[in-house]
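Asks: The chain contents come next:
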Amino acid sequence: EAGVVQSPRYKIIEKKQPVAFWCNPISGHNTLYWYLQNLGQGPELLIRYENEEAVDDSQLPKDRFSAERLKGVDSTLKIQPAELGDSAVYLCASSLGLSGPRNEQFFGPGTRLTVL
Amino acid sequence: GENVEQHPSTLSVQEGDSAVIKCTYSDSASNYFPWYKQELGKGPQLIIDIRSNVGEKKDQRIAVTLNKTAKHFSLHITETQPEDSAVYFCAAINEKLTFGTGTRLTIIP
Numbered sequence: 257e258a259g260v261v262q263s264p265r266y267k268i269i270e271k272k273q274p275v276a277f278w279c280n281p282i283s284g285h286n287t288l289y290w291y292l293q294n295l296g297q298g299p300e301l302l303i304r305y306e307n308e309e310a311v312d313d314s315q316l317p318k319d320r321f322s323a324e325r326l327k328g329v330d331s332t333l334k335i336q337p338a339e340l341g342d343s344a345v346y347l348c349a350s351s352l353g354l355s356g357p358r359n360e361q362f363f364g365p366g367t368r369l370t371v372l
Numbered sequence: 114g115e116n117v118e119q120h121p122s123t124l125s126v127q128e129g130d131s132a133v134i135k136c137t138y139s140d141s142a143s144n145y146f147p148w149y150k151q152e153l154g155k156g157p158q159l160i161i162d163i164r165s166n167v168g169e170k171k172d173q174r175i176a177v178t179l180n181k182t183a184k185h186f187s188l189h190i191t192e193t194q195p196e197d198s199a200v201y202f203c204a205a206i207n208e209k210l211t212f213g214t215g216t217r218l219t220i221i222p
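Chain order of the listed sequences is A and B.
All you need for the working numbering is the position in the first sequence, starting with 1, plus 256.
All you need for the working numbering is the position in the second sequence, starting with 1, plus 113.
It is worth saying that the hints were derived from the structure and are not from the lab.
A quick note: this is a predicted structure, and the numbers were derived from the prediction, not measured.
Backbone N, C-alpha and C define an ideal beta-carbon position, used for all residues, glycine too.
Just so you have them, the derived chain A footprint on chain B, three or more residues with Cβ under 8 Å:
1. 155 to 163
2. 197 to 210
3. 213 to 221
This is chain B alone, in the form it adopts within the complex:
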């Protein structure tokens, strides 16, 4: 089955700086890579996704990149704000949605 590794497990950045979270996957058949944000006491919420026929996708301050050859994909958040503080999960989909282990992002005011 699919195995998704995510780094770092915790990340603290100054407000206004950028944050980068990286993931690798193992199953070359995976072709859809969503990113979820989970706030305390809530379920994960989709924030952006990328399909395997695209190398990069951007939505305002959030961007994702995908390197299919290396089986790497990354989340980039620019101009971070306090409300970006949360746990972020990458995921990969082949037959089912497989999540990474999560990154706790803290934005320091």
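Looking at chain A on its own, in the form it has when it is part of the complex:
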């Protein structure tokens, strides 16, 4: 069984440019998460989807970040415009079922973003 797929794996952009990350969860997983991981820190939740509905986006900086999961499968996270402080690893995770974060979350390898 394929795991969570993320692309690109690495992205280098200049500040003020837009960037987008893509995630394909494990087949059949209803819940999808985007996390931000700064160097030397644990992941922090940005947004959680149950099917196509964003049920927790309280930590998503909505002035520059947006996310979508149009058909309840793949998801895209976008930053526009990017700032120097956005340099981090962006992790996608998925879990089976709709009972919240207590189901085991399977993480993708992440996208490492560097903003110059």
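Model the placement of chain B on the given structure of chain A, informed by the hints.
Replies: Chain B only, in chain A's frame:
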């Protein structure tokens, strides 16, 4: 919201010895405590978890203990091997998964 503290931030042990990582949490409503292992260039992977109605759980060389009264939980790895070298994260779940700051474990051959 929940706050999870994790110690130590780095840990080096001789191969074959035991390693212990400790965490505390702040929200008494948290009731599920997973532990993740993250290897370089990979996402975190669940290695063991414990729910609040259990005080201890063991899986081969890995064990977790939970003290709800003190809001402490710990990861114990026995007979450490070089492949145990990684960053380990504790976490607590109430409404969302809150991670600790991580422990970089190095096993010295």
